[in-house]
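Here is how the chains run, residue by residue.
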Amino acid sequence: MTRSRDAGRVEIDRVIHEPARLLITAHLYVVESADYVFLMQNTGLTWGNLSSHLSKLEEAGYVEVTKDFVERKPHTMANLTEAGRRAFDAYRRQMKALFADLPDEVD
Amino acid sequence: MRASLGLREIERRAWLRTFEHGLWDIAVGCLLLAFGASILTGLYWISAICVPLALPGLRNLARRLVLPRLGHVTFRRKRQRSIVRIQIILTVLAVAGLGMFLLTAWSTRAGAPPAVAWLRSHMLAVIGLVWGSALVAAGWAADYPRLYAYGAILFGTLLGSDLGLAYNLGEALVGVGALVAGIGIVLLLRFVRRYPRSREQEVARD
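These protein sequence lines map, in sequence, to chains A and B.
As numbered in our numbering, residues 1 to 107 make up the first sequence, in order.
As numbered in our numbering, residues 108 to 313 make up the second sequence, in order.
Check before you lean on any hint, since a few could be wrong.
To be verified - If we take Cβ atoms under 10 Å as the criterion, some of the chain A residues that face chain B in the derived model are:
1) H27
2) Y29
3) A34
4) D35
5) Y36
6) V37
7) L39
8) N79
9) Q94
10) L98
11) L102
What the hints assert, rightly or not - 35 Å max Cα-Cα, derived DSBU-like pairs, lysine-lysine:
12) A:K67 / A:K56
13) B:K185 / A:K56
14) A:K56 / A:K96
15) A:K73 / A:K56
16) A:K96 / B:K185
17) B:K185 / A:K73
18) A:K67 / B:K185
Since the hints were derived computationally from the structure, they do not count as laboratory data.
Fair warning: this is a prediction, and the values are worked out from it, not measured in the lab.
Note that CB positions come from ideal geometry on N, CA and C, so glycine has one too.
Given only the sequences and the hints, what does the whole structure look like? Please build it.
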């Protein structure tokens, strides 16, 4: 999020800001890595939704998806990249600052 | 999609889910049942074979029942340190238990210090303290409060027997073991009902 002095506009990282992606990013932020089943269980997203949002996060360079074999079965794991962690930290700071700035009552 | 968000809560919930299946309770219960059965029957090999059988069995069940339902997750350094802490606590207590066993074996010889003789005469209470502490410490390190109750019950059972309360230790351990394993089975059934395996999850695993 940045404040443009000219327009007074607030820009938010929309890749993270979308609710489903925010949930995915938050879950990946608190763990090292997780597979699709874990993310589906913990976010309540369907496989299709999860897959599409993970692709968007991957395109932004925030998430890394790796495929390996666990007991001879293919296994897909996802983890936040360093850029993803930094972006999430920045998003948290920005949202905190944004809400801290609000007046107690608005007439 | 769930909307509630709190990073600490998300992490803790994910961690606690790894205990929600009740398999740890079943393992603790089975070990207590085995110790009780050993005392009742005098067949001490039951306990000796139970430990090496319980751990691979538990791992196999977790792989078949838990992983397909909850998925796989690697926790961050703080939790990984907790796991190392549990292993250290259990190792220290196992060494302490072995040390006590050797001390008491030595105490049968003439000239053992009074402290060692006292340890031998209160062996059940000391074993209860060591095992109970192991469960409480593991519960603390794993952030898994149910183990506190199991530790307290186990210590109470062995202390009561040491103090000469009128109950049979073997039967009491079998009873406590059956209770703990029963709780584990109820949790496991609830877990299987709560997290049914879906076709979508099978696809997601690939």
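Hint check: 10 Å Cβ-Cβ cutoff, A:L102 to chain B = violated (19 Å)
Given the hint that B:K185 pairs with A:K56, test it: the Cα-Cα distance must not exceed 35 Å.
-> Judged against 35 Å, a Cα distance of about 29 Å means the pair holds.
For the pair supplied as a hint, B:K185 and A:K73, is the alpha-carbon distance within the 35 Å limit?
-> With a Cα-Cα distance of about 29 Å, the restraint between B:K185 and A:K73 holds, given a limit of 35 Å.
Taken at face value, is the distance from the CA of A:K56 to the CA of A:K67 at most 35 Å?
-> It holds: about 17 Å lies between the C-alpha atoms, which stays within 35 Å.
Minimum beta-carbon distance criterion (10 Å), A:L39 to chain B | This interface hint holds because 7 Å falls under the 10 Å limit.
When the least beta-carbon distance from A:Y36 to chain B is tested against 10 Å, hint result | Interface hint status for A:Y36: holds (4 Å vs cutoff 10 Å).
Against chain B, run the beta carbon of A:N79 and see if the smallest gap drops under 10 Å.
-> OK, holds: A:N79 within 10 Å of chain B, min 8 Å.
Does the alpha-carbon distance linking A:K96 and B:K185 stay inside the 35 Å limit?
-> holds (25 Å)
Regarding the pair A:K67 and B:K185, is the alpha-carbon distance no greater than 35 Å?
-> holds (25 Å)
Measure nothing beyond the straight line between the CA atoms of A:K56 and A:K96; if it is 35 Å or shorter, mark the hint as holding.
-> holds (24 Å)
If you take the shortest Cβ to Cβ gap from A:A34 to chain B, is it below 10 Å?
-> At about 4 Å, which falls below the 10 Å cut-off, the nearest Cβ of chain B leaves the hint on A:A34 intact, so it holds.
Hint check: is the beta carbon of A:Y29 less than 10 Å from a beta carbon of chain B?
-> holds (7 Å)
Going through the hint list in order, the structure does not satisfy hints 9, 10 and 11.
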